[in-house]
Amino acid sequence: MHRAAQRRIIIPFLLPALLLLGVFFLYPLVRTVDISFTEWTRTGSYHYVGVENYTRVVDDPGYLNALKNAFLFTLVGGCMLFPVAIAIAWALNQRIHGERFFRFVVFAPVVLSAAVVALMWKFVYHPTLGLINPALEGLGLGALARTWLGDAATALPAVAFVTVWHGIGIWVVLLSAGFERLPPDVLEAGRIDGAGEWRLFRSVMLPMLRDLFRILVVLWIVQSMQAFAFVFIMTGGGPFGSTDIVGTLMYRVAFERSEFGYAAAMGVVLVVIMLIVAQLVNKVMKRDELQY
Amino acid sequence: MKTMRFVVPLAAGCLALAACSGGDDGDTTDAGPDAASWHEQIEGSPLEVGVLSAEGTPGLAVLQELADGLEADYDGTDVTLTFANTDARPGIEQRWRSGDPLDVDYGMFDGTNPALTVWADDGALLDLRPYLEANDPETGTPWLDRFSPQVLEFMENPSDGGIYGVPSELSLHVLFYNAGLFTELGIEPPRTWDDLLAANTALKAAGVDPIAVTGLFEPYMGMWSDHLWLRTVGYDAARAVLTGGEGHITDDPGFLEGLEMLQQLRDDGAFLTGFEGTDFTAAQAQFFQGDAGMILMGSWLVSEMSDVIPADFQLGVVPFPTVEGGAGDQGAVMAALQEISVAAESENIPLALEWARRLTSVETQTQRAEEIGEVSAVVDVPSPPGIPGIDQVVADAESLEPRDYGIVQSPANEVIYPEIARLLFGEQDAQQTLERLDEGLRRVHGN
Numbered sequence: 001m002h003r004a005a006q007r008r009i010i011i012p013f014l015l016p017a018l019l020l021l022g023v024f025f026l027y028p029l030v031r032t033v034d035i036s037f038t039e040w041t042r043t044g045s046y047h048y049v050g051v052e053n054y055t056r057v058v059d060d061p062g063y064l065n066a067l068k069n070a071f072l073f074t075l076v077g078g079c080m081l082f083p084v085a086i087a088i089a090w091a092l093n094q095r096i097h098g099e100r101f102f103r104f105v106v107f108a109p110v111v112l113s114a115a116v117v118a119l120m121w122k123f124v125y126h127p128t129l130g131l132i133n134p135a136l137e138g139l140g141l142g143a144l145a146r147t148w149l150g151d152a153a154t155a156l157p158a159v160a161f162v163t164v165w166h167g168i169g170i171w172v173v174l175l176s177a178g179f180e181r182l183p184p185d186v187l188e189a190g191r192i193d194g195a196g197e198w199r200l201f202r203s204v205m206l207p208m209l210r211d212l213f214r215i216l217v218v219l220w221i222v223q224s225m226q227a228f229a230f231v232f233i234m235t236g237g238g239p240f241g242s243t244d245i246v247g248t249l250m251y252r253v254a255f256e257r258s259e260f261g262y263a264a265a266m267g268v269v270l271v272v273i274m275l276i277v278a279q280l281v282n283k284v285m286k287r288d289e290l291q292y
Numbered sequence: 001m002k003t004m005r006f007v008v009p010l011a012a013g014c015l016a017l018a019a020c021s022g023g024d025d026g027d028t029t030d031a032g033p034d035a036a037s038w039h040e041q042i043e044g045s046p047l048e049v050g051v052l053s054a055e056g057t058p059g060l061a062v063l064q065e066l067a068d069g070l071e072a073d074y075d076g077t078d079v080t081l082t083f084a085n086t087d088a089r090p091g092i093e094q095r096w097r098s099g100d101p102l103d104v105d106y107g108m109f110d111g112t113n114p115a116l117t118v119w120a121d122d123g124a125l126l127d128l129r130p131y132l133e134a135n136d137p138e139t140g141t142p143w144l145d146r147f148s149p150q151v152l153e154f155m156e157n158p159s160d161g162g163i164y165g166v167p168s169e170l171s172l173h174v175l176f177y178n179a180g181l182f183t184e185l186g187i188e189p190p191r192t193w194d195d196l197l198a199a200n201t202a203l204k205a206a207g208v209d210p211i212a213v214t215g216l217f218e219p220y221m222g223m224w225s226d227h228l229w230l231r232t233v234g235y236d237a238a239r240a241v242l243t244g245g246e247g248h249i250t251d252d253p254g255f256l257e258g259l260e261m262l263q264q265l266r267d268d269g270a271f272l273t274g275f276e277g278t279d280f281t282a283a284q285a286q287f288f289q290g291d292a293g294m295i296l297m298g299s300w301l302v303s304e305m306s307d308v309i310p311a312d313f314q315l316g317v318v319p320f321p322t323v324e325g326g327a328g329d330q331g332a333v334m335a336a337l338q339e340i341s342v343a344a345e346s347e348n349i350p351l352a353l354e355w356a357r358r359l360t361s362v363e364t365q366t367q368r369a370e371e372i373g374e375v376s377a378v379v380d381v382p383s384p385p386g387i388p389g390i391d392q393v394v395a396d397a398e399s400l401e402p403r404d405y406g407i408v409q410s411p412a413n414e415v416i417y418p419e420i421a422r423l424l425f426g427e428q429d430a431q432q433t434l435e436r437l438d439e440g441l442r443r444v445h446g447n
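Going down the list, the protein sequences come from chains G and F.
Counted the way full-length UniProt numbering counts, the first sequence spans residues 1 to 292.
Counted the way full-length UniProt numbering counts, the second sequence spans residues 1 to 447.
Think of the hints as simulated: they come from the structure by calculation, not from any bench.
Backbone N, C-alpha and C define an ideal beta-carbon position, used for all residues, glycine too.
Take these hints with a grain of salt, some might be off.
Unchecked claim - Non-contacting residues of chain F with respect to chain G, defined by C-beta distances greater than 10 Å in every case (computed):
id : residue
1  : E43
2  : P58
3  : E246
Claimed, not checked - A partial selection of chain F residues facing chain G, derived with a Cβ cut-off under 8 Å:
id : residue
4  : W119
5  : D122
6  : L216
7  : N413
8  : P418
Here chain G stands alone, though its shape is the one from the complex:
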């Protein structure tokens, strides 16, 4: 009786959240699935075509290329992001002079808009007018100069680097919180036992932060698989599709060709793939929970 009354009391408190969830998540999701079974004209009339859009998706080399690039982007970006973000967070966890300044420097790009950052880096990467190639040539390393965004081998890593540069501050903040949460008595015990800071970092801190890393890796996968702004502005998916990801392909299909149903099917397939990948990563990285 008492428990039932408790449940009734909870309902009004849940309603606003449920309403928001329904309007901004469930409805768009359901509507996207609905649209994915239709074929549209540019003016907005449509008819149902069943699973035709899905059969097209699995046969579409453009989609498979975009999917492959999205995974590459996630992998390459992740390799650029996590070691650096962990190193910075660890360094900021030490007592260093100018810590607040360094925190500011690391976090500053986060507040810039993606469009501004993308345009700025587009010029930085420019083969002859930019900063990188002339600097390399000035240092006698001209052999390393590339047409960064115009070379199919370097374009994707170049865009991934900018994405990481822009957002790394957030990841550093999250990781710093993890470092600060570590129990000081455990670390102190390690120090008393004679462990150096590197040994503490490697053998105590990293294992204790494993759960946090698992969550952050899943977050990164979800975020980077949906990357759009940097690719769209910096390369438009080129050269010849080498940076095309599902987001940019969907945009072109939906808004240049007005194939909304097909674009929706691409999105739904991406959601399913992301759920599977996130679940797999979660499972692979899952270890016994540490209580501290």
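Mind docking chain F on chain G? Use the hints.
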């Protein structure tokens, strides 16, 4: 299970909502005012007009002046200028789909592009023909007579003969060259392909990259293959194969010929150093800075780059070079007409028509040509002083052909321009490009 109690009814509700939303209701009315007396029915009211000029540009200032004039002449008029250029189009088109169109908008109609006649076919646009055929109250002659007959095919809907767009400006695809540099080096403006190759050689000898092009926007590299195929294959035949899905690209040797000519430019090192990683804004700026001798671009180049063109820069313009022995159209010029359309559902069609009438007046078009360098499709409007020779290009053109064969709006977009980029980047030769194009087009068109 407990969660499901909430989620299932919510999801069911969402599904019901989804089932009820959107739909086939594209009902629009085409009840414009009487063509003979529409001008007398103009009353002041809010009017939302799409514009292509960005905030702070001279182009927008001219349009604002036009809006101020309309507001002064008709009490209660309040004109809102809404940015409606490329990046804003998805949102604007969504407004049209949801029944909240702009009263006057760009990009809604192009009679030469099947992807852009659909709004007219579905009744979303006002048929302007009755109003264009009626006498203009100021000139006493039909409004339609203002426009160059060459652009009529862009304005007319092939399916019903109606006119659903009036030209605000005309963009011609031409070869711009640095006339000062050409004079200094004694190079003739390239009228033929051989002239172009000779110009390349002379420019390279002088240490200047011959041609500015961007590698970061594939359709601008594709402008070269578009024009070469226009000369070696011809507009209708090329369009039929590329976007119409009729026949195969290997059927006509002109396609390979065009690709080989493009490869020749690449192999000669004709393109701007580092073009592969150069954005179009930078490529255009480099042309005006003298880093390159020529650029193939739309006539909007001058108004778009007006802030960076040095005061002493001498610009020259010629049509795309002819190809001797080419089986295509040697006298054709590729063009795009920026047309404005009136929403059939506009609440004040007479006022919307008046905006279109004033925008296409000789006075306004002349002001736009002189102040912002825009080429006009209105007769008796002088050529923009910033593009000397463009009037000759228009006069000499045997026909104006729509740019890009409609590739960008078709699934072929995923195939054609990326392969052209591969060719220019040195990833493959002309023959390999043709083979990959053939494979891709067969897949896209299912033939």
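Each hint, compared with the structure:
no., hint, in the structure
1, E43, "holds (29 Å)"
2, P58, "holds (22 Å)"
3, E246, "holds (19 Å)"
4, W119, "holds (6 Å)"
5, D122, "holds (4 Å)"
6, L216, "holds (6 Å)"
7, N413, "holds (7 Å)"
8, P418, "holds (4 Å)"
The structure meets every hint from the earlier list without exception.
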